[in-house]
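With chain A fixed as given, assemble chain Z onto it according to the hints.
Note that the protein sequences, when read in sequence, are chains A and Z. For the first sequence, the numbering used here gives the first residue as 6, with consecutive numbering after it. For the second sequence, the numbering used here gives the first residue as 103, with consecutive numbering after it.
These are calculated hints, taken from the structure and not from any lab test. A couple of the hints might just be wrong.
[To be verified] Computed far set for chain Z versus chain A, every beta-carbon distance over 10 Å:
hint	residue
1	R127
2	D132
3	G150
4	D162
5	S201
6	D204
7	Q244
8	A264
9	G277
10	S292
11	R323
12	S330
[As the list claims (entries may be wrong)] Listed next, the stretches of chain Z that the computed footprint assigns to chain A, with coverage defined by at least 3 CB atoms under 8 Å from CB atoms of chain A:
hint	stretch
13	212–218
14	297–308
[Unchecked claim] Looking from chain Z toward chain A, a few residues come up when the C-beta cut is under 7 Å (computed):
hint	residue
15	R116
16	A182
17	I185
18	P199
C-beta: ideal position from N, C-alpha, C; glycine also.
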Amino acid sequence: MLAPLTEPLAYDFFLRALVASSMVGVVCAVIGSYMVLRGLAFMGDALSHSAFPGVVLAYLFKGPFYIGAAVAAVATALAIGWVTRRGNLRGDTAIGVLFAGMFALGIFLFSLIPNYVGDLFGFLFGEVLGIGLGDLVALVGLAVAVLAVVAILWKELLYTTFDPLGAAASGLPVAALDYLLLALIAVTIVVSLQAVGIILVVAMLVTPAATAQLLTRSFGRLLAVAVTIGVLAPMVGLYASYWLNAASGATIVLVETAIFLVALLFRLQVGRRRETLQPAS
Amino acid sequence: MSALPVTSTSVAVRLAHVTAGYDHRQALEDVDLDIPAGALVAIFGPNGGGKSTLLKLVADLIQPWSGVVEVLGEPAGRAARRIAYVPQAELVDWSFPVSVWDVAMMGRFPRLGPWRRPGQLDRDAVALALERVGMADLRSSQIGSLSGGQRRRAFLARAIAAEPDLYLLDEPVTGVDATTQEDLMALLASETSAGRTAIATTHDLAAAAEHFTTVVALNQRVIAVGASSLVLDPDVLSRTYGGHFLVLGNQAVVMDDAHHHDSASGGEQHYHERPERR
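So that you can see chain Z by itself, here it is in the shape it has in the complex:
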């Protein structure tokens, strides 16, 4: 094999024959997928279809049972400092005593390393990120006091402050208001047009069709990859969701279950919204 250097315009994420799961439950089977650098990708499919699993493989949070995951030209995990991962909102403890500013500053921690404290460069990057997501005025607010949309903005600010080459977002637009959805997607679009790559999981087919340039239909296997109009293709939908969808005229309605995240993998804690008492 020749040893040509990998150029930055090539493949951001490559999965080859990847099978993966938790304990004894298989979530992905023989997945082959190439995502070019600069793509804005939505991964959609039913619950348990492996969306979050795929994201976690790329983030090196879990290891594949078999197959190879390459990220930013290196084996998964090697390029971690160039990745920003935003977990599902259910996995965050919103009562945690940190402000919006604190959360965004965490994006700087990995590059600082131990010993070094955040300096002016880091404060500038955090201030800019908060400005871009429209949270500069709420920088001192504790995260639990924010609305769902504002919480998502704060986490995107953390990702932006990290100045990553690859954004991995688990359900970034689930349950947020339309304005927030528009703003977040505009930001991701500007990041990807600057050559960075963004991969998001989503249940929201309308959002996938409207905001993403590329979509991946996933149900244990990759059903289809292509332009965002794919999510409107009845054939792709029926193969992705099995019987759980209806075609009404030219509109597809997915009959997915109401709970909006995959079942928890080992050791994960889910923090569901609960009425807060003070």
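Okay, chain A solo, but in the shape it has when bound:
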């Protein structure tokens, strides 16, 4: 009876994919919660696309793609922060310019590679079922590092997200914490690339936190709900993709999107019931 659940577990690649995607789900849910509350959803999309030239360069020089992606994404994150602070530009303008430019650079470099076929698809859409043991170890290590930083600084990140002026006035290093969060977002994206790819990372970051925001009214519960979705959705998605023979990254994202839609319907339903119970004042 449990065969549909146990059968894929016989394959090492499936086990590795389960561990990798759940880990990605957790770290994305945590970082995504801060992002959503800061209105940085678009920033997540931008940084993942900015990682592309780093990935291509790493491929060209046969280096580990983690390094290339991390350097490109962190550099872009810091550049966006700097341009916004110094350049007298709105944040979304700076993001728009830099992310399109970096993605174009990636495509440009990529088009210089002769007879290039397969791996592009993997980078753009993820290939978690193909993750090797070495990459898995690196992924888990980076994810644990990100979570450790948040565990140390969750209070400070929360205060500066909620009230940057009050936090700065009472002595918290707000600018440094802003840059740190951008760097954490960049590393999180790098961790997630192999699981869901450049295009869909933003969903892993934003959707669980957005779903949790519909259902909760305190930060602790928001984190808990987002992390729960972050762990469960990749598992459900991986099994579904195994049995349907569908793309794994896309299936995971679709599961998260479905959970979001259910939460949205639930929220609307609760709102309607409240309106009928309480006559409008």
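Frame of chain A; chain Z shown alone:
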């Protein structure tokens, strides 16, 4: 110069020849101001007159173009842990998923530093602060579900929980009900009588006259400093507000514009009240 130690009964905030602004727009010009420790100070003046700018200089949120700002005997920013700053209500995202308790607890975060989690001492301080502002019963409420007055109480609880030596409050009594105004001012009065200092900006001249011990009339420059009866002085008012006020009998009416905060400085987001849909 002699190196006498600064006593706690001396000056809480000192601005000397301070000129400041945002980008290329000057907001304050050559401001000299001494605020003694234990004072309960209202800063009033027209929009764009530099009230919020002055508060931000003291909080070290912006740096002066020229001049010196000293806070609690040190250069601005050095004594940050001893300061509690309450921003204008428009600068807070009220949909943020935090409860009244969470907001008050944030007042403890800077003194805890990284690593350390809030302990019993912090929970006691937060509980006491919520008790004092009359929000103990609403501690679990999400801040967006509160009335304007309750929101202000929650933020004052955060400031009290921080146990600061200096309160900086941007428009603390704007748009709150009379009871809340009375309660908040009574709390600030008891804090200042304990030797702490409180500086608030306000548009509300009646509140300034009634509740504060010292007022500062500000329009780019310091027009006047003195006892709270100053806000009823037609001469001070006319120099502070220019033509934007009328004297009707012995009552002054300020014809300020309707929008109740200064224009946003760089990078600030304003969250205006909007009808909430659920």
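Against the structure, the hints come out as follows:
Every CB of chain A is more than 10 Å from the CB of R127(Z) (nearest about 13 Å), matching its label as outside the interface. Residue placement check: D132(Z) keeps its beta carbon more than 10 Å from all beta carbons of chain A (closest about 24 Å). Listed as a non-interface residue, G150(Z) keeps its Cβ farther than 10 Å from every Cβ of chain A; the least gap is roughly 19 Å. At roughly 7 Å, the least C-beta separation between D162(Z) and chain A is not larger than 10 Å, which violates its mark as non-interface.
The beta carbon of S201(Z) is not kept farther than 10 Å from every beta carbon of chain A, the shortest such distance being approximately 5 Å. Listed as outside the interface, D204(Z) is inconsistent with that label: its C-beta sits roughly 6 Å from the nearest C-beta of chain A, within the 10 Å cut-off. Non-interface status of Q244(Z) relative to chain A is broken: a Cβ of that chain comes within 10 Å, the nearest being about 4 Å off. The beta carbon of A264(Z) sits about 6 Å from the closest Cβ of chain A, which is not more than 10 Å, so the claim that it is off the interface is violated.
Every C-beta of chain A lies more than 10 Å from that of G277(Z), the closest at about 18 Å, which supports listing it as non-interface. Listed as a non-interface residue, S292(Z) keeps its Cβ farther than 10 Å from every Cβ of chain A; the least gap is roughly 21 Å. At the 10 Å boundary, the C-beta of R323(Z) stays outside the reach of chain A, the nearest C-beta of that chain being 24 Å off. For S330(Z), the requirement that its beta carbon stay farther than 10 Å from each beta carbon of chain A is met, with the minimum near 25 Å.
Given as covered by chain A, the stretch 212–218 of chain Z passes the check, having 4 residues with a CB less than 8 Å from a CB of that chain where 3 are the minimum. Remark: the stretch 297–308 of chain Z is not confirmed as covered by chain A, as 0 of its residues place a Cβ nearer than 8 Å to a Cβ of that chain, below the required three. Hint status for R116(Z): violated, given a least beta-carbon distance of 18 Å to chain A, over 7 Å. Taking 7 Å as the C-beta cut-off, the interface hint given for A182(Z) holds, the closest approach to chain A being about 3 Å.
The closest approach between the C-beta of I185(Z) and any C-beta of chain A is roughly 6 Å, which is under the 7 Å cut-off, so the hint is satisfied. A least Cβ separation of about 5 Å between P199(Z) and chain A falls short of the 7 Å threshold, and the interface hint therefore holds.
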